[in-house]
Amino acid sequence: MHRSNSDVTLGEGVPGDGTPPSSSLVGSGDCELHRDYGSLSSIEKGPGPPRTRAHSHEEPRAGSPAARRFWDPLVLLGLTGDEVWEGDGQGCGTTMPEQDRGEEPPKFPPQIWVRQLAHYDVQSILFDPGEAAWCQGSAGRRVRNITTGASAASAGPAPTPVPEEPDPGDGKDGPLVLSCPHFRNEIGGEEEGGLGQRQEAGGGAGQLPNAAVSVLEEPRESYPTRGSRTTHCIEYADLGASYYRKYFYGKEHQNFFGVDERLGAVAVSLRREEKEKEGASLQYNYRLILRTSELRTLRGSVLEEALPPTARSPAARGLSPKKLLEHVLPDLNLQGLRLASNSPKVPETLLKLDEQGVSFQRKVGVLYCRAGQGSEEEMYNNEGAGPPFQEFLELLGQHIQLRGFTKYRAQLDTKTDSTGTHSLYTTYQDYEIMFHVSTMLPYTPNNRQQLLRKRHIGNDIVTIIFQEPGAQPFTPRTIRSHFQHVFIIVRAHEPCTERTTYSVAVSRTKDIPLFGPPIPAGHRFPRTPVFRDFLLAKAINAENAAERSGKFHAMATRTRQEYLQDLARSHATTTSLEASSSRLPLLSLGAKRKERAKGAKAWELQSAGALVWSVRARDGDRAAPELPCLLGISAEFLVLIEAKGKRVIFNCSCRDMLAWTYSDCGLDLYYGSGDYISVRLPDGQGDEVKDIVNRLQLVTRGCETRELTLLRNGLGQLGFQVDSEGFVTDVERFTFAEKAGLQPGARLVRVCERALPGLSHAQTTELLRTAKKVTITMVPPDENGKPRRSFSELYVKSLQEKRRSDSPAREPLQMAGGPGPEGELRPATLQLLRSLSLQDGPPHSLAEERTEFLRSHILPPPVTPSSSHPGHPLCCECPHLLQLLGSLPSFMPFFLLPCLPLPSAVLSEAGESLEEEWDSISNLATTCNSILEALSKEGEQQIPRLHHEWECHRSRSLSEKVSHLESMLKKLQEDLQQEQAAKAALQAEVQSLRQNNQRLQQEQESAAARLSQVTRLLCGSPSQSL
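Residue numbers for the sequence shown follow UniProt numbering, so the first one is 1 and each next one is one higher.
If you're looking for bench data, these hints aren't it; they were derived computationally from the structure.
Be careful, since some hints might not be right.
SDA-like cross-link-like pairs, simulated, lysine to any residue; straight-line CA separation at most 20 Å [what the hints assert, rightly or not]:
| hint | residue 1 | residue 2 |
| --- | --- | --- |
| 1 | K690 | E732 |
| 2 | K275 | E218 |
| 3 | K690 | F108 |
| 4 | K407 | S418 |
| 5 | K786 | E732 |
| 6 | K644 | K275 |
Label pairs and their calculated CB-CB ranges [to be verified]:
| hint | residue 1 | residue 2 | range |
| --- | --- | --- | --- |
| 7 | E190 | Q978 | 57 to 65 Å |
| 8 | L969 | Q390 | 33 to 41 Å |
| 9 | D975 | E494 | 44 to 52 Å |
Since the model is a prediction, treat every value here as computed from it, not as a measurement.
All C-beta atoms in this analysis are idealised placements derived from N, C-alpha and C, irrespective of residue type, glycine included.
Build the full structure now, drawing on both the sequences and the hints.
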């Protein structure tokens, strides 16, 4: 988002006309200007004449044809509108007329959009053309320029025509921060408001915080949490802003620009895409974007088969843009739309317009507060950093030299060192963060205001206040800045020791919503990278949330209006909507036409985006009031959006949906570990309930629950057993429970009208044992007879099993019994080896060969060749090989040892006269040595790398571990095949050696026989002569 450098640009326009404010009015007129230090751009307007001030509260003309909800979004939100910049930051900066205050909110939110429209993200559901009409109507009215940011905490109440009660603050005082007017503190223990239970702080396993939910059409894995050691999510990020870039940019589509009398300048983008369905049938999807002066954008899609027959055309090329817009946007004035020009600037401008608020670069101020200090002047005048502050900065980021720095510089000088020589820089997830550290910015000895430092930190929305032990509690009263809206206070405890910890608090302006990650009550963070991730996520979310406040909302609205007016004025042709094209184009018009899918009822239920219903919702097992909400169900998410606050109060992945119970006017939705919420539709909406159930059947794995009333037998028993998680483990035969339909594997979610997650196992057992009338609500097992569990439960269960399996030993391939001659591998390792089935060799020997091979790379050999075989040929011919094997005893292959004594035994019986045999055996030994050396070197390289890779990937997610294990198994199979081939070659050489031994033995026996015969002859001659 491109922010203006002057507060005067807010709401400065010519009263009465319909043009947006012009920057040429800055400094003109009869208003007095003065500068409040704390920001180079903090220019305020002094009070002007009464007539000028009256325009800031000018009411619409009585004869205006627009309904009240089209010009007053505060009534639509159900807010009081006491302050100009108050509320949730979604308004356009005006007070609500007196006669409209105190109106009761509607029982059910109005159903604005047609049912066939599937929304891409949350803010598309929140888009309201009535609010856009009001923003356009208020563009020409002068809005009073009030003090914002930290300056509002110390400024007195501004003179207003209607007396306003001063804001006292929230009364939350702590050791780190004090309560302050116009600010809200977070000191620990605050929880995100909404429906449903939280299994952990910040959401259950796999559950996103409500403020982090954005895109609904795409799966949860697309959210940018990759590369983080923790599960901190980025909140209040408009991830749907890339909708045009992803589905329109660079593809054939149509753009229309124009000016609507109610909505002002608008820009519409349309595209027809082709989706393959079953067989040869096709499914066509229309994607559209509607941009108005409101910051929210309508992004959605409509299936062609879901449109009514009157809107559809029998032609194969689809609908005309006019018919599509007439059905989806009936309130839009189509007469004023004109086809956009073919200029390449058009798609580029639309990208800038849609991604106006998307930035992955953040600048954060850091102020140093020594012991005993507390004022802004004292913090700015700390010339150098003490050891505790240096220690904190080393954890926070990387010290970089500014001269020549090529990455994000955050307005720091990287050429002449005018803003200092060094700074602090880091990255987190997809974000670049540059810190404006007070002690690294230029210090001016004779200037107590330190403007060279204040010009940067005073323009940062988020500021970190680092406090040494003994520092005074921080209060925004001491800060003079219109841009500093969020202060994150960090206090060090026992700094520069091994026990260093940090406590955190937050002070934010009252129009900024609560943001995460939540601060645990009374928690101190150790000096670890986990704390760094927490702090960086907190700072990024703080700025994202601050951009929803009134000041920055109004600045972004003004920039958006200028973009839209430029498009309508400079890049629109004279071609009207009717004359532009009779049909939306397809990329493959020249391709062979395939068979069109036949129309069917409720085609919109198959949309990937979110379909919306108007409901009232409450927590299922809690005495909480019903809230008017919008229920959105996409192919990936189920969300509930509060109509009054326009915020997500409940989200659940479709994979976590367990079951539902529905009636004529409402549903109970069970999710996660068995919690549930209740939604109610207006009376007479039975068809809508059926549509919701049909939608759930398509996008979830859940099913309908069954309610049973169980009777006891003569002994007072119910005839079934249930475990601590609520799963039925056993049902006795021929009992009332079996006759009622209860079966093993069923899951109890309610017992005697009480939700099971809110009961302990003892309480559940007591209810089942003592209740006079036992009624249960159960979830039947799946089609395989297994209990139904949510994805989050399965994920947590897998992590628990992994921790239990890793508890006996740290190394995955380490033996449980330790090294020894009879050491056995762990069962998991044996199972792994059995799964590596090779198709070579006899089946019965595969496991033994693989186990023997792996054991040879893990166990040290009990003997070495040099000690057990002193006369071994390896000792004589290859001493270098023995040195290699001596240095690597743990990698010596055991399957070679039985073959080694054979040559030495043969040689011990051979005589020295057989030189040819010696040469033959020596050559054979050299060949065996080379093979053994190759095997040893390969084992030396492979096994440590295997252990190292396994250890590096232990902390990865379950899906990554599975994929890595598959690749590792494939690699191990290839290595085993290579080893088996080498072993076969070695066995062939050994067989040749045995043949040579047999030949030598035969020749030796023959020589011995001849020698004996000669000896007898020689010995027999003398006797005969005697």
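Against the structure, the hints:
1. K690 to E732: Violated, because 36 Å separates the two Cα atoms, which is more than 20 Å.
2. K275 to E218: Between K275 and E218 the Cα gap is close to 16 Å, so the pair holds against 20 Å.
3. K690 to F108: Satisfied, since the Cα-Cα distance of roughly 19 Å is no more than 20 Å.
4. K407 to S418: holds (18 Å)
5. K786 to E732: holds (18 Å)
6. K644 to K275: violated (37 Å)
7. E190 to Q978: 57 to 65 Å: Holds, at about 60 Å.
8. L969 to Q390: 33 to 41 Å: violated (48 Å)
9. D975 to E494: 44 to 52 Å: About 51 Å separates the Cβ atoms of D975 and E494, which means 44 to 52 Å holds.
Against the hints set out earlier in the document, violations occur for numbers 1, 6, 8.
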